[in-house]
Structures are given as C-alpha cells and as structure tokens.
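**Q** Read off the chains here:
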Amino acid sequence: MTAIAPPLVPSVRGRRPIGVVLAGTVLALVVIAAVCAPLLAPYAPDTIDLSSSLVGTGRDHLLGTDSSGQDLLSRALYGARSSLIAPLALLAVAAVLGVTLGVLAAWRGGWVDALVSRLTDVMYAFPGLLFTVLIIAVFGAGMTTSVLALGLAFTPTIAKYTRSLALSEARKPYVDAYRVQGMGGLRICARHVVPNLARAVLGYLVVLFGEALMSLATLSYLGFGAQPPSSDWGLMVQEGQAAIVQGAMLPALVPGTAIALVVVCFNVVGVRAADRLGRQ
Amino acid sequence: MTEALLETEAAPETGALLDIADLTLRVPGAARPLLDSVSLSVAPGEVVALVGESGSGKSTTAKAALGLFPPGSTASGSVRFDGTEVLGLTGERLRAHRARSVALIHQDPRAALNPVRRVGDFLVERGATRSSAVELLASVGLPDPERRVRQRPHELSGGMLQRVVIAGALAARPRLLLADEATSALDVTTQADILALLRGLRAEHGLGLLFITHDLHLAAAYCDRVYVMYAGRVVESRTAKALFTTPAHPYTRGLLSCSPTLDTHTPLHPIPGRPPSLTDTFTGCPFTTRCDQAQPTCETWHPEPVRLPDGGTAACVAVTAVGSRAAGRHGWAQPQADGTVKNGATHE
Amino acid sequence: MTTHLLQAEHLSKTYPLPGGGSHTAAEDVSFTVPEGGALGIVGESGSGKTTVARMLVGLAHPDRGRIAVAGREREPRPPRGRAARLTRAREIQMVFQDPYVSLDPRLTATQCLHTALRLHGKQESAARDLLDRVGLGAREAEARPRDLSGGQRQRLAIARALAVDPRVLVLDEAVAALDVSIQAQILRLLAEIRRETAVALVFVSHDLAVVQHVTEEVLVMRSGRVVERGPTRRVLTAPETPYTRLLLASVPTADGWDPAEAARAREAV
Numbered sequence: 037m038t039a040i041a042p043p044l045v046p047s048v049r050g051r052r053p054i055g056v057v058l059a060g061t062v063l064a065l066v067v068i069a070a071v072c073a074p075l076l077a078p079y080a081p082d083t084i085d086l087s088s089s090l091v092g093t094g095r096d097h098l099l100g101t102d103s104s105g106q107d108l109l110s111r112a113l114y115g116a117r118s119s120l121i122a123p124l125a126l127l128a129v130a131a132v133l134g135v136t137l138g139v140l141a142a143w144r145g146g147w148v149d150a151l152v153s154r155l156t157d158v159m160y161a162f163p164g165l166l167f168t169v170l171i172i173a174v175f176g177a178g179m180t181t182s183v184l185a186l187g188l189a190f191t192p193t194i195a196k197y198t199r200s201l202a203l204s205e206a207r208k209p210y211v212d213a214y215r216v217q218g219m220g221g222l223r224i225c226a227r228h229v230v231p232n233l234a235r236a237v238l239g240y241l242v243v244l245f246g247e248a249l250m251s252l253a254t255l256s257y258l259g260f261g262a263q264p265p266s267s268d269w270g271l272m273v274q275e276g277q278a279a280i281v282q283g284a285m286l287p288a289l290v291p292g293t294a295i296a297l298v299v300v301c302f303n304v305v306g307v308r309a310a311d312r313l314g315r316q
Numbered sequence: 020m021t022e023a024l025l026e027t028e029a030a031p032e033t034g035a036l037l038d039i040a041d042l043t044l045r046v047p048g049a050a051r052p053l054l055d056s057v058s059l060s061v062a063p064g065e066v067v068a069l070v071g072e073s074g075s076g077k078s079t080t081a082k083a084a085l086g087l088f089p090p091g092s093t094a095s096g097s098v099r100f101d102g103t104e105v106l107g108l109t110g111e112r113l114r115a116h117r118a119r120s121v122a123l124i125h126q127d128p129r130a131a132l133n134p135v136r137r138v139g140d141f142l143v144e145r146g147a148t149r150s151s152a153v154e155l156l157a158s159v160g161l162p163d164p165e166r167r168v169r170q171r172p173h174e175l176s177g178g179m180l181q182r183v184v185i186a187g188a189l190a191a192r193p194r195l196l197l198a199d200e201a202t203s204a205l206d207v208t209t210q211a212d213i214l215a216l217l218r219g220l221r222a223e224h225g226l227g228l229l230f231i232t233h234d235l236h237l238a239a240a241y242c243d244r245v246y247v248m249y250a251g252r253v254v255e256s257r258t259a260k261a262l263f264t265t266p267a268h269p270y271t272r273g274l275l276s277c278s279p280t281l282d283t284h285t286p287l288h289p290i291p292g293r294p295p296s297l298t299d300t301f302t303g304c305p306f307t308t309r310c311d312q313a314q315p316t317c318e319t320w321h322p323e324p325v326r327l328p329d330g331g332t333a334a335c336v337a338v339t340a341v342g343s344r345a346a347g348r349h350g351w352a353q354p355q356a357d358g359t360v361k362n363g364a365t366h367e
Numbered sequence: 007m008t009t010h011l012l013q014a015e016h017l018s019k020t021y022p023l024p025g026g027g028s029h030t031a032a033e034d035v036s037f038t039v040p041e042g043g044a045l046g047i048v049g050e051s052g053s054g055k056t057t058v059a060r061m062l063v064g065l066a067h068p069d070r071g072r073i074a075v076a077g078r079e080r081e082p083r084p085p086r087g088r089a090a091r092l093t094r095a096r097e098i099q100m101v102f103q104d105p106y107v108s109l110d111p112r113l114t115a116t117q118c119l120h121t122a123l124r125l126h127g128k129q130e131s132a133a134r135d136l137l138d139r140v141g142l143g144a145r146e147a148e149a150r151p152r153d154l155s156g157g158q159r160q161r162l163a164i165a166r167a168l169a170v171d172p173r174v175l176v177l178d179e180a181v182a183a184l185d186v187s188i189q190a191q192i193l194r195l196l197a198e199i200r201r202e203t204a205v206a207l208v209f210v211s212h213d214l215a216v217v218q219h220v221t222e223e224v225l226v227m228r229s230g231r232v233v234e235r236g237p238t239r240r241v242l243t244a245p246e247t248p249y250t251r252l253l254l255a256s257v258p259t260a261d262g263w264d265p266a267e268a269a270r271a272r273e274a275v
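Residue numbers (the working numbering), protein chains in the order written: chain A, 37 to 316; chain B, 20 to 367; chain C, 7 to 275.
Hints should not be assumed to be uniformly reliable.
Claimed, not checked - Only pairs whose alpha carbons sit at most 35 Å apart, straight line, appear in this in silico DSBU-like list of lysine-lysine:
1) C:Lys-128 <-> A:Lys-208
2) B:Lys-82 <-> A:Lys-208
3) B:Lys-82 <-> B:Lys-260
FYI, nobody ran anything at the bench for these hints, they're computed from the structure.
Please build the complete structure, drawing on both the sequences and the hints.
**A** Okay, here's the thing in structure tokens:
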C-alpha cells in the first residue's frame with residue numbers, strides 16, 4: 037500500500053473471458069451488497085456490544101465480531117458503501133481536472149503544453165502519498181479532505197494519459213475537416229474531440245478504480261481518512277490489527293480480504309474494459 | 020485432386036512452378052468461402068498477374084502459395100510447388116518451403132524491415148554473407164551498395180527500401196517471387212523502375228513471378244498472363260493481350276471500362292454496386308447483381324470456368340464453351356449457350 | 007483578372023527541419039481556376055501538391071503569396087470571428103484522401119451533415135437531399151463511418167463538403183484509396199456535381215489518367231515547383247518538359263509498354 041501513482045494501462049491480449057466473468061460477478065455482488073446493506077446486514081454496523089467482543093464465526097455472527105463486539109459482516113457490508121463511493125468521487129475530481137488539463141495541453145500546445153507537462157512531471161516526481169498527507173496535515177484529516185487530496189494526486193496521471201490521446205486525436209483529418217468547415221477551435225475540441233476520447237478515458241478510469249480504492253484504504257488505515265465510527269474497510273483493518281495479537285485474525289482479515297478482492301476484480305475487469313473501450 | 024484446369028498456351032500443364040488446383044478455403048464464421056475453386060499456375064520465367072478489388076481473395080491466394088492460411092481455416096484442393104504438395108507440409112519442411120522456394124514482397128517495405136537494424140543485417144538474416152549482401156544490393160540497382168549495407172531503413176526512400184526487400188527476397192535464391200501490391204505505394208516513376216528490375220531478375224534467374232495488383236491496366240501491360248478474381252473466384256484467365264483486346268467476362272469488361280487511361284477520352288462506365296464482402300452469399304454467379312448482362316439463369320448458375328477458343332477461361336454463363344469437359348465437371352448443368360457469343364464483345 | 011474564381015499567386019511554403027535547415031514544400035506556385043472549371047495538380051510524393059491543397063483551405067499558412075476567391079482575398083490565417091470563419095469556409099471546401107479518418111467516427115451520416123448544416127445556419131432537412139445527391143440511401147443515413155464501405159464514406163465526405171455550398175472544392179487524392187470500380191463511381195459523381203452546381207474543382211492526384219478524366223487544366227509539380235502547365239489534354243499528349251514525359255512514360259499502357267524505357271527516361275531527367 038505505498039505506490040499511489042498507478043502504471044499506464046498495460047495491454048492484455050487473449051485474457052480468458054472466464055476470469056473476467058468471474059471478476060465481474062464478484063463486483064456486481066459487492067455493489068448489490070453495498071446498495072442493500074440495510075436489508076442484508078444482521079446488525080447495525082455501529083452496534084457496540086462489549087459482551088460479545090472478538091467472537092469467532094458462529095450462528096449469531098457469521099464472520100465474528102471485533103473488539104468492540106461490532107458484527108464484522110454488517111460492518112463489511114456497510115463499509116462497501118464508503119469504500120466504493122469514495123473512489124468514485126476521487127476519480128470524478130481527478131477526471132475533471134486531468135482531462136481538462138490534458139486536452140488543454142494537447143490542443144493549445146506551445147507554452148500551455150510546456151506548463152502542464154512540467155507541472156505533471158513535478159507531481160509525478162513527488163510521492164503521491166506524501167503529497168496527500170501534506171494536504172491533510174494542512175486541512176485536517178477526514179474522508180472529504182482525503183478524497184480531494186487524492187483526487188489532486190491522481191490528476192497528473194490522467195492528464196498525461198489524456199494528453200497523449202488528445203495529441204493523436206487532434207492530428208486526425210476529421211479535425212481538419214471541421215476546421216475547413218469553419219468551426220471554431222474551442223467547439224471542435226469540446227464537442228467533437230473530447231467525446232471521441234471519452235471511451236478510452238473511461239476505460240482507463242476503470243483500471244484506476246482499484247488503485248483509488250487502495251489508496252483511500254491506505255489513508256484510512258493511517259488514520260488520515262475515514263474516522264471512527266465509520267465502517268470504512270481501511271479503518272477496519274487498522275482497528276482489527278490490535279486483535280491479531282489477541283489471536284483473533286478475523287477483524288483485520290475480513291476487511292483486508294474485501295479490499296484485496298475488489299481491487300483484484302477491478303484490475304481484471306478494468307484492463308479488459310480499457311482494452312475494449314480504448315480500441316476504436 | 021483434379022488435374023490442372025487451366026491449360027493456356029503460355030503455361031503448359033507440366034513443368035509449372037506453382038500449380039494451384041481447385042483450392043477452396045473456408046474460415047469459420049464467414050458466410051462464403053474465402054477462396055472458391057481457385058486454379059492457377061505459374062511457369063518458370065513467367066510473369067503472371069492476379070487482379071482483383073479488395074476482398075476478391077487475391078492476397079489470400081498468394082499466401083496459400085506460401086502454405087500460409089488464415090487461422091482456423093480448412094483448405095481443399097491442391098497447391099503444388101514444383102510438384103510438391105504444399106497443403107500437407109508441416110514443421111521443418113513447411114519452413115524450408117517458405118524460407119527458400121518462395122519469397123513474398125509486400126506493399127509496405129517499411130513493415131518488412133526492422134527500423135533499428137542495418138540494411139546489411141537484414142540481408143544476412145536471410146542467408147546472405149557480408150560480401151554477397153553488397154552484391155545483392157548492386158544487383159537490385161541500388162547505387163553505392165557499400166554504403167547502403169551500413170545504413171538503416173529510415174535513411175532510404177520508399178523505392179530504395181523496396182529494392183532492399185527484393186534483395187532480401189533474392190538472398191534465399193527463391194524460384195518464385197510473390198509481389199503483393201509491391202509497387203502500389205510507390206510513385207509511378209519508381210514503380211516503373213521496380214517493375215523493370217523485377218522483369219530483369221526474372222530473365223536472369225528464371226524466376227516465376229506472381230504479380231498481385233488491383234490495377235488491371237498495369238497487369239495487362241506488364242504480365243504474360245492475367246487471372247481476374249472476384250468474390251474468391253477466378254472469373255477469367257487469359258493472356259494479357261487477349262484479356263485486353265477481347266475480355267470475355269463482364270466483370271473484366273467492366274473493370275477495363277471503368278479504369279481511367281491516358282489514351283481514351285471516352286467517359287468512364289462505373290460498375291454499379293460494390294465488391295462483395297465476406298458476409299455476402301450467392302446462390303449463383305456472384306457478379307449477377309452488378310452485371311449489366313445478367314440473365315435469369317445467372318441467379319442459379321454455379322460459376323464454372325468455361326474454356327475459350329484461345330485457351331483462356333471465363334466463368335460466365337454467357338460464354339460459349341469449347342468442348343464440354345470443364346463445364347461438365349462435377350455434374351453441374353451445362354451452361355445455357357443460347358448462341359449469344361459474348362466473348363467477342365468489345366468494351367467501350 | 008476578376009473573371010477567375012480562384013486565384014493563387016506566388017504561393018510559397020517552407021518547413022523547418024528538425025536538424026536545422028529547411029524543406030521547401032512549395033515555391034512560387036501560381037494558378038487560376040474559372041467558375042465551374044477544374045484544375046488538376048499532379049505530382050509524385052514530395053512534389054508539394056498536398057501542401058498547395060492545404061494552403062488553399064487554410065490548413066497550412068503560406069509564407070508568401072496570396073489566395074483570392076471571386077476577387078476577395080483570403081486571410082493567411084483562419085479569422086477569429088465566427089461570421090468571417092463561415093464566410094471563408096463557404097469559399098473553399100475540401101475532400102480528403104482517406105474518408106475513414108476524415109469523418110468523425112462518432113457521428114452517423116445524417117448527424118455528420120446536420121453538424122455542417124447547423125454550423126452554417128442552414129435547414130437540417132437539407133441533409134436528406136444531400137445524401138440523395140451523392141447516392142446514399144436511408145440505411146447509410148443512419149450508419150456510422152465504420153459501417154460504411156470506402157466508397158460510401160467518400161460519398162459522405164463529398165456531401166459534407168457540399169453542405170456548405172462552396173464555390174471551390176479541393177480534392178486531395180480523393181479517389182486514391184478506393185477500389186477501381188468505386189473510383190469510377192465517385193469520378194462520375196463529381197462530374198454530375200460539376201454540371202449541377204458550377205462548383206470549381208482543384209483535383210490533386212498522383213494519377214495522370216484520373217486527372218485527365220476530371221480536369222481541363224493541369225499543373226505538373228516537382229519538388230515544390232510547377233514544371234509544366236497547360237490544358238490537360240495538351241500536357242498529357244504533347245508534354246513539353248522531360249519530367250512530364252517521364253511521368254507519362256511511367257504509366258503502364260496496353261500497347262507495348264516497357265518499364266525499362268521509363269527507367270531510362272528517369273535517368274535522363
């Protein structure tokens with residue numbers, strides 16, 4: 037849980053669809069679980085019952101409880117909500133900023149491109165987590181600050197990716213054709229070039245989702261992100277690690293597994309999606 | 020395996036270098052065969068053209084000569100190279116066939132050359148020695164060959180690169196050259212140079228040359244014999260001269276009258292419609308829908324090469340057969356020769 | 007001088023090369039095209055013919071020289087104002103070589119024409135007539151470029167240029183990427199359009215035979231310069247410069263053409 041700047045999309049060919057189907061199914065179940073958490077969860081996620089602290093798996097608690105006696109299944113289900121929505125918000129922030137900067141750099145070229153490129157290079161060189169922690173140190177811990185800070189940290193990656201896409205898109209003859217028709221540059225860019233990039237950028241965002249989830253969990257684990265009594269998975273891992281020394285693995289294992297599962301599934305689905313969406 | 024169907028005066032049945040007979044190639048998912056009963060032959064020292072529009076199967080036919088088939092395809096018929104059946108070759112023998120007997124020259128020489136390696140390395144990879152590499156480059160007409168072997172592809176022009184590719188093809192001392200639109204991307208003057216070179220090499224080494232092109236005029240002007248393909252079939256095979264003066268198949272006539280030339284001032288007569296794709300299927304002759312001489316029988320007539328008096332063939336129901344052997348094969352109905360001899364018709 | 011619809015005078019364009027130095031793409035190119043006329047610009051790769059075409063429509067900015075349509079001089083750079091841009095667009099339109107990449111992949115044929123019509127404040131209902139005029143039917147109207155054949159795409163590209171109702175149509179190798187039978191259809195379509203609209207054509211091509219079928223006047227270019235000009239028929243039957251003779255000798259013809267002769271002619275140039 038250290039690297040925040042994610043790699044560029046690897047190109048995967050001939051991946052077995054069965055893996056993609058499996059990962060997609062898991063993700064669909066997680067989303068359903070998050071949406072229907074109030075229906076599925078046997079307990080309220082913040083019901084503290086110190087009398088049943090660190091209970092193992094059993095009929096009352098399918099996945100056991102943590103040291104405060106909170107039902108781990110219920111917490112994990114509710115945790116899916118913040119663990120899925122927060123990366124989405126993060127990526128929305130990063131996408132808006134990144135796509136704007138990237139397209140601007142590619143379209144205008146010249147000093148604008150130089151400025152944006154140097155800026156993203158500097159951001160790249162600077163460890164993303166350190167940058168985020170710095171912002172949080174200034175503005176205070178919390179989920180909103182984390183999302184915004186990480187959104188900024190993800191911006192250069194998306195900007196760089198979008199810039200390279202937009203550069204090749206802007207060279208295509210259909211852009212020339214619009215110019216010859218007398219269409220203004222801004223309109224060509226906003227109404228025709230950006231929509232043509234949307235699929236590829238969207239594919240890339242799916243790949244980034246796992247990374248975003250992981251980074252947010254990292255921040256929560258470090259105590260900068262979600263604050264108690266939230267059921268965020270990252271926070272749960274941090275709360276659960278104290279129980280490991282008492283011999284109870286589940287409080288850390290359940291949210292940890294959830295994170296790992298979702299991240300892996302998103303990578304599997306994301307790479308496939310990026311491949312398909314990116315191909316025109 | 021049937022005997023070679025085409026017996027034109029320039030290609031005797033015996034001694035052919037490449038002899039494709041009744042080759043049918045199917046790929047799963049396609050509505051019709053990629054190639055349907057294709058027969059053609061190339062004799063040593065002969066220049067044979069394979070002409071067609073996109074999707075006609077001309078490149079697929081050329082690759083078949085290399086024993087190179089689309090993945091998942093099933094082939095029937097025979098592809099013989101110097102008497103050896105290529106269809107059954109596997110492993111080491113197939114590799115040897117591809118590496119030594121036949122050489123393929125593509126449209127884009129840049130795709131054939133590794134951009135970071137020197138021209139000399141490219142030739143050495145193909146079996147030349149350092150000193151013979153220089154000789155090879157000289158033999159394909161590259162000026163200053165000693166310098167060229169040390170150069171990289173980006174330092175040479177398109178025409179020079181195509182010469183390098185031809186030199187690479189010659190390095191393995193092949194007996195048949197397949198030129199797949201090898202001059203289409205070049206300027207006309209460069210094209211003429213390369214064509215002159217290929218003709219010279221053929222004479223010098225007794226090479227057979229299968230020249231694949233979309234340009235019927237080029238084929239007629241440059242080659243000894245011409246095969247015209249349409250929708251995976253050979254629709255006409257003639258000597259270049261006969262094809263040009265008395266085209267027999269309506270498609271050939273159509274191609275000739277829709278190709279602009281320098282010396283005619285008559286307006287062009289486009290063929291209506293578009294070349295069929297792999298999803299189009301046919302109950303009879305595939306050209307029927309675009310043909311200006313289609314008859315009701317064309318819808319159901321299974322195209323068969325009909326022998327022409329001059330030894331060529333044309334797969335058209337309106338062409339009168341000479342003898343019944345070709346048409347009667349496989350038991351298909353005899354073409355309805357209703358007395359209208361179309362093979363003598365001139366094109367506008 | 008104002009009898010000429012399109013006037014290009016002394017167009018020159020030089021591109022800087024990466025390692026210092028410069029490449030002269032066009033040098034002192036001048037020509038005129040009358041209303042409804044057709045001018046061919048022929049040349050091999052690197053002759054500068056495409057640079058001239060791009061300068062005409064404003065995609066390349068000439069270093070020197072001027073271009074005027076119907077006596078009105080075109081600014082060297084695209085104007086900032088919307089009205090001026092649209093006026094300029096109605097003077098000259100262009101059809102590009104590769105119809106696949108010159109069409110917006112996201113838009114159907116109808117949407118493509120609507121975009122052009124809306125931009126110029128015309129009725130969107132004109133799209134149907136335009137499609138009809140270039141021979142595209144109802145099925146093609148709703149298809150995106152990837153679902154159209156090469157010829158259909160080029161028809162759409164022509165319809166898009168006509169949507170603007172231009173005075174001059176520049177075609178840059180517009181039939182080079184098409185199958186022979188389709189190429190003839192497009193050439194016939196262009197002839198029909200000329201008859202109906204009196205649009206002037208600038209037909210840029212490497213193919214002398216095609217140029218002869220389309221144009222009345224021709225420029226032969228080589229290395230950025232005009233080496234010969236005149237009525238197309240005269241230039242192609244009685245060429246006056248060795249280079250034009252070489253070009254003609256290089257074109258395969260049925261009656262005893264020998265590529266070696268062309269190769270020898272090349273050495274003479």
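**Q** Does each hint hold? Answer for all of them.
**A** Do the hints match the structure? See the list:
Of the supplied pair hints, the one linking Lys-128 of chain C and Lys-208 of chain A holds, its CA atoms being roughly 26 Å apart against a limit of 35 Å. Only pairs whose Cα atoms come within 35 Å are accepted, and Lys-82 of chain B paired with Lys-208 of chain A is accepted, the gap being roughly 33 Å. Of the supplied pair hints, the one linking Lys-82 of chain B and Lys-260 of chain B holds, its CA atoms being roughly 27 Å apart against a limit of 35 Å.
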